[in-house]
Amino acid sequence: MRFESVPRAGTSRVLEILAPALSLLAGLAAVGLVFLLKGLNPLFALGEIFRSSFGSVFGLTETVTKALPLILVGSGLALTFQAKFWNIGAESQLLLGAVFSTWVGLTWGPSLPGPVIVPLMFLAGFLGGALWGMIPAALKIRLGINEVISTLMLNYIAAELVKFLVVGPWKGASKHGYPYTDDLPAQAILWLFPGTRISPILLVLAPAAAATLTFLIFRTRFGYEVRVIGENREAARYAGIDFFRTSLLFMAVSGGLAGLAGTGELTAIHHHLSYPDTLSAGYGFTAIIVAWLGRLNPLLVMVSGVFLAGIIVGGDAIQMSLGLPAVTVQVFNGIILIFLIMGEFFLRNRIRWVRRTPRHG
Amino acid sequence: MARIRTLEMRDIVKDFSGLRANDGVSLKIEAGEILGLLGENGAGKTTLMNILFGLYRPDGGTILINGEEVVFRSPRDAMQRGIGMIHQHFMLVQKHTVLENVALGFEKAPFFFPLRQVRRRLAEFSYRFGLAVRPDEPVWKLSAGEQQRVEILKALIRSSDLLIMDEPTSVLTPRETAELFDILKRMSGEGHSIILISHKLDEITRICSRVQVLRKGKVAGEAPMGEVSAEDLARMMVGRRVADSYPKADLPPGRVVLEILDLEAQNDQGAPAVRGVSFEVRENEIFGIAGVSGNGQQELVECVTGLRRASAGAVRLLGREITGLSPRQIHNRGISHVPEERIKFGIVPNLLLYENAVLKRHHRQPYSIRNIMNYPAIRRHAGDLVKSFQVATPSIYSPMKHLSGGNIQKLILGREISADPVLMIAAHPTYGLDVGASEYIRGQIIARRDRGGAVLLVSEDLEELFMICDRVAVMFEGRIMGIVDPRSGSFEEVGMMMAGAVEAAGGEATDAV
Amino acid sequence: MADIVFSILVRTIAAGTPLLLGTLGELITERAGILNLGVEGMMAMGAVTAFIVTFGTGNPWLGMLAAALMGALMASIHAFVSVGLRANQTVSGLALTMMGIGLSGLWGKPFIGKPLAVKMEPLAVPLLEKVPFLGPLLFRRDPYFYMSVVFGLAVWFVMKHTSLGINLRSIGENPRAAESQGVKVRLYKYLAVIVGGMAAGVAGAQLSTAYSKSWIEGMVAGRGWIVIALTIFSLWEAPRAFLGAYLFGGIFVLQYMLQPLGISPNLLAMLPYGTTLMILLGYGFSSGGRRRMHAPAMLGEPYKRGEV
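Residue numbers (the working numbering), protein chains in the order written: chain X, 1 to 361; chain Y, 1 to 513; chain F, 1 to 308.
Take the hints with a grain of salt, since some may be wrong.
No farther apart than 20 angstroms at their CA atoms in a straight line, the calculated lysine to any residue pairs in the SDA-like style are these [to be verified]:
| no. | chain 1 | residue 1 | chain 2 | residue 2 |
| --- | --- | --- | --- | --- |
| 1 | F | LYS160 | Y | PRO486 |
| 2 | Y | LYS401 | X | LYS38 |
| 3 | X | LYS84 | Y | ASN350 |
| 4 | F | LYS304 | Y | LYS200 |
| 5 | Y | LYS185 | Y | PRO376 |
| 6 | Y | LYS28 | Y | THR323 |
| 7 | X | LYS84 | X | ARG197 |
| 8 | X | LYS38 | F | THR162 |
| 9 | Y | LYS387 | Y | PRO376 |
| 10 | Y | LYS185 | Y | PHE113 |
| 11 | Y | LYS344 | X | ASN297 |
| 12 | Y | LYS28 | Y | GLU222 |
| 13 | X | LYS84 | X | THR278 |
| 14 | F | LYS160 | Y | PHE113 |
| 15 | F | LYS213 | F | GLY56 |
| 16 | F | LYS109 | X | ASP242 |
| 17 | X | LYS171 | F | SER264 |
| 18 | Y | LYS248 | Y | GLN88 |
| 19 | Y | LYS95 | F | THR162 |
| 20 | Y | LYS344 | X | ASP242 |
| 21 | F | LYS213 | F | PRO122 |
| 22 | F | LYS184 | Y | PHE111 |
| 23 | Y | LYS344 | X | PHE243 |
| 24 | Y | LYS344 | F | GLY300 |
| 25 | Y | LYS200 | Y | GLU460 |
| 26 | Y | LYS401 | X | ASN349 |
| 27 | F | LYS184 | Y | GLY32 |
I should point out that these hints are in silico values taken from the structure, not numbers from a laboratory. Because the structure is a prediction, the values reported are computed rather than measured.
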């Protein structure tokens, strides 16, 4: 007896939703298994994660706080993944966004009013992320360099660059011994809803970005060309699509959105540039799962972004209460992602039993 | 193990996701026989042979060798019982040498230094059957004929008694075909049996001792070669009379639309592929390009459509230079293109039908207006195409990949014709399609011509070219060997040109052996 | 002066060994047509496993063995997803890396800052160690070095001169051709991915039980990704893998040598990553065609049997 897979002729709507949902459940079960191996009660640990992220007002506000950068970054990744361009460098595009806006904020912040400096900083953040993101696009199209490697190398380089800045030339005069820049001037810092870390500006910006990206992907000529490139490069060539221009553009948008997330983290939460892993809770990597779970549709990314933000918040909470390291979240990420792509298979294929002796393999 | 004296397939049934590819097919062959397996594309010939070779397992039926039932779980089992198969697309590793290819999966070669022994055997067999190959050349440098000899040697070295050949002549020049047939005769003389899959009547009649015809997954007829006529076979194959020519309006050629002057271009490997080609295509004209594929036709078309840079020469459209323009610019000037390998180039399988209906024209009004896609207009256009070009599809919302090959091609053709192009280029537009779809597509191409259009048609199918073209140029090794008028020219003449034998008579020896 | 050269070479070899092991493993994997971007994660898991086992048993050889098994286990997930389910190999590899980094951090946390009592000690090769200069340089190293060299030679020999190698290389180029000759394509692919994982696991073990003797979270520090780049650099041939690995080993050493000159350690830390980009850049400019010529033609393409 053995399994045989048969491609499905078409997939139903129900299955489209059911497959990722079931994958998610299976993934969570696997995470539970990891806890079990670690000597923890899996039901308790998993319960704890969701209780602390979705079970209280404070938890919910924290979840939203972390969902906003994930939605920004995840929407951009949905765009590049549509083109099958594997941008793994959102983490460093986010950092570069923060670096650019720090520079703008510290240089011009003191002399400009809030309504001017804040948009300028966001603009700078977008620009920083966009420029950093366009490098791997150019390298891939012009020189055939694999974007996974180049974006990852740029991640390491950007992280070292930020460290270099905060302990070296940009180290704040007022920050004795700490690897921080000086704080941004008060007018460059975003107003938050009292008792939360949510800024109304970001609360509007993230969903607006997701909506814009949805329109971009599914309603514009650019989005059409991106999808054609992703689904069939040869046909894209045949159709006269300019790979270089299009790739630069989608990486500018994707990097730019990550840069905006960097600006957001800087101006709403941290108020100064600091070590990379303080600045970003691995948003650039988690957003990969956000985009995938959202089926590369920015509207669904808003849902998956909130879900994974919950896991980050819950992960933080159990880190404290159970004494786990910060990278624990990566375990969730990895396992969920593996289960999602496995679920993809069952979405596309029916499995049936074949009652015969196995061939081999 | 005893050699194959008789092999029999009984009542073979095979289903592919609801589609019955073989429906109770039986077949018998004896040692020394050359059996022709005739049928249209999609008649189930290849499926049946893949079952015999152990690649597929039948859903019903049995296989008997020398009267004893055998079960093949994999090609390995089939090979061990003395069955070898040569696929239409050669199963060769292009980057590897001939020796490495012969050694691939060869169980009798030693684990360490397998090539030494394979080299000895290869020399032995190539002498015995007169199959000349160069053992240390990488396969990509070999001609199609030589690659086929490698495939035959692979099978012989694995002591195959029964050799299945799937459309073996489709990539060969007439001369190479004749050589192949000599080899096959020599093999049958030594007691090998051969099953020859083909849809070409003349080949079957030339070489086979017996013929079996498949139609729609069933046996449509079976007879010793002497007892049936070519017409009988054709009827069995198609089930009805085939149109042997298409009515065309009697129109004089109009002004020159496309002009190509001393065009030169290189292939992907950087070798010269188009070597000084000149011709022109006029209004009211279908200009055909014949030739065995790989003689520069693809590169020529790519130069005209902007997908490849010419290294010298000029391409002019209505007198204006278009050499070196981008594919989009060239499309905007009015050249439309039905590409070869339609699924690879012509469509995006995972996008929906209506999204595919404007591919390449998606940037123009009314399909996009100021960078925003106008989907209502696109869907209307897709609906029109489906209706006027008889595309069978559940709806315009179906993913393109769910359509059959013929319907995909109808959509592409419709898309390209509806652009009302100055020049339409069609590369192998009917390749792999069934008779009905082919006839329809040829009819549409002629209609285009009759409405004043200029058409450049590249095809390997000589019959097709002779049926519908006004002039046929023959390409060989990047050059045009001659231009023939189908009304006065003969098949034989073109066949000679395809083999490079006219111009090069006595001069260059063109077939590398 | 000779002393300095000697010590640089020794450290280059030590830093290059895990890269060599990893690259050879990835080379085997990619020759079978499978791209495994999970090397970073498999190395991290190898490192933490070797450390914990060595810490517990006091036997670094057991640590190495455990790391190899762990690498194999991780790789078999990738093999199942990419060969069995024909899923996207890029995404699966990324997921593997995330899992590896996460799990290694989780399981290694109690061991951070605890030094090993025993690490993998150098072994002298009798007689050969007496050769001047080369003896002490090449024949008084730890077993990881010897293993990596033997492994490299073996990979070269098997690829070139055995039927196993011919079959494996053919699978990455044209799996259908291999299948049609009765080669068990999926079995080969599974095994190649798993052997590649074992090599990555052992590479990680070298980091935590020979190169240093402690476990630090994130100690693989991008070496897994450098391995991916080195595989491209190697043109999928074992001899060039040696060249690339020791070149990068040298760059890791250079990083420490330049520190006393007053250059920021953060800028120096960019060196290996920057060099990786530079090398790929050089390839892109000079011989993109050549590189593509060498890459297994069906690398990263899911293979479904029977679709002839």
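*Failing hints, ascending?*
1, 2, 4, 5, 6, 7, 8, 10, 11, 13, 16, 18, 27
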